[in-house]
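S.K.: Could you build all of it, start to finish, from the sequences and the hints given here?
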Amino acid sequence: MTMTTILVAEDEPLMRERLLEMLAQCWPEAEVVQVAENGNDAWDGFLEHEPDVAFLDIRMPGLSGLEVAERIGKLAHVVFVTAYDQYAVDAFDAGAVDYLLKPVQPDRLERAVGRLREKLSPAAVSAPPADLGHLLHHLKSALPGMRPERIKWLKANVGRQIRLIDVEDVLFFQSDTKYTRVKLRDSEALVRTPLKDLLSGLDPDRFWQIHRGIVVNAGAIAAAERVDAERLQVLLRDCDEKLPVSRTFAYLFRD
Amino acid sequence: MWRRVGNWYREWEDEQLAVLAQPELAAQVKPGYRRFFADRIARMGPLQRQQMREFSLKYRGTRFYVIVLKLMLAFSLCGVALHFTGANRGWIGPILFANTIGFSFVLAMVGAWFDYQRILQKKGRMVLTLAALLVLGLVLGLGTSLWKSGSAPSSVLVRVPNMMAGVAVGVLAIAVPVLIISFLRNRQAEAINAHLQQQAEQDRLARELAESQLRLLRAQIEPHFLFNTLGAVQQLAQHGAPRAAELTANLIDFLRSSMRDMRCEQVSLATEFALVESYLKVMQVRMGERLRYTLALPPALEAVKLPSMLLLTLAENAIKHGIEPSLRGGEVNLSARLEDGSVRIRVEDSGVGMSTTPGAGTGLDNVRSRLVLAFGAAAGLALQDGEPTGLVADITIPQATTA
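Protein sequence lines correspond, in order, to chains E and F. In terms of numbering that gives the first Met the number 0, the first sequence opens at residue 0 and continues consecutively. In terms of numbering that gives the first Met the number 0, the second sequence opens at residue 0 and continues consecutively.
Hints were generated in silico from the structure; no laboratory data involved. Predicted model, so just to flag it, every value in this text is computed and none were measured. Hints are not guaranteed to be accurate.
Among the chain F residues that face chain E by a calculated CB cut under 8 Å, a handful are [as the list claims (entries may be wrong)]: (1) 175; (2) 226; (3) 227; (4) 231; (5) 233; (6) 285; (7) 330.
Virtual Cβ for every residue (Gly too), placed ideally from N, Cα, C.
M.R.: Okay, structure coming up:
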């Protein structure tokens, strides 16, 4: 049996340290594969390691815990860590989402871990993690300060000029270490922000992430085609480039 | 018969009192003389209605009759006096005359006492009505005396100039006191109204202050601040780190001074800077490298007074809407200096800035209104984008208040 893998996302160092220590104590057989200090790193780290469980702080810089959970969807079990008061937490109870109140106390964590162990046990493997989409949508509107700010204009250095690019005109974004390659119909540019940090400003309904390093404008997609039994690729309307779709995101093109 | 008159009067009085309390009831009074008076009452101002209602309640029932009897007695005595001043006037005439004049006068004064606004608005019409009534009385009187005595019209007409003078004196005798009373009463009412308005304004400000204090209190004990801080204390304490005691001390310091300052209208800049520092110390332990801060207060400005908790509100905004949402964290800098004869206090952060922080205006309206309340329009709060990122908040206080 493979070891259970965990992602922990929490922006305050002491709270992070505390959660990690407590996890090591009450769930020694699980391995923390990724520790993130903000939502953008959490999502990027999730794609890299594909852990079984994600402990997500709700209020974080970049993507909020709710937005990360929304993207994780059915790919992992999510436990929220929050300092929201009882009133807001009622919304979680209604949806049977697991959550821990900050500061996290050992007995509460043990109970949550117990439930996770049950869900991850071989007997329960046929039951995938709950899809929280609908509930998360409701939570985002219920919690204050949870409406994300969208990017409208991108600034890109082109020679000596700074070009302003309307996000809507972008065909796709491709990660290039610390930069992001922005492909337009007739040209391309480099933006000085890593893709993981651009993500939180992009409307997920319009810009689909199809790979850890690629986000494509859904309106620019002409078709998706099978490369072999495992792999898919996306063909674009006004561009010859073919974009790979990772296994994680293949569900986007299944009917 | 007396009982019927008494009942009629009591019924009418009750109706008037009801209209005085609720002017909209006037529309339900059945048409006729009662409706006429009810409508008049309904047109009076709320203050006048209240005064008149108090008066009516005071002189209700027996007291009213006692007063009327006393007045009748007084006027009758005047009539008796009048009897002795001239010859062959008899008894009934002078007494009747004195009572009629007396009661008219009293009625006019009572009217002026309560309905002064209308009288002042329509003083011309009132004087004309008065004059017309007196002339009418004169003509009627002359007519009857001519008809009764049967003497030649010329012998009576000789007296007309005298009588005209009498009319003028009569008009003045009633109009002047009525106008004087109306004028004085109106001035009194204006003073009362101004006072009431002032009181309402003061009540509103007091309420606003209480609300803002409550908001601040809630902000301090909001779950994010208190629970996250206690969580940090717990984590540090678990390892016996000396920083646990230090963080606890800072938290205590912060909570104690914010509760103390909340009760003060104004505090000195030194006090407020110390409060902000204890807050930033707590946040620094929690946020680690993500938060850096500086405070710079020149000794000369330490005693400058300003409304309490203002700088704390700005510092909290800087953390909550600037640094916390920023991926890289940032700096918060607090400074004060003299500029163009004003004290300028600056709270700047290098966080995510204005446009990307929904709800950043929370508390800022409150800061603005408290500044203007304390120092007038010369004080204010200005916000601008930081360079290259973040937000700069400048509070300006006129220097006259620094003395």
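S.K.: Which of the numbered hints are not met once you compare them with the structure shown?
M.R.: 1 and 7
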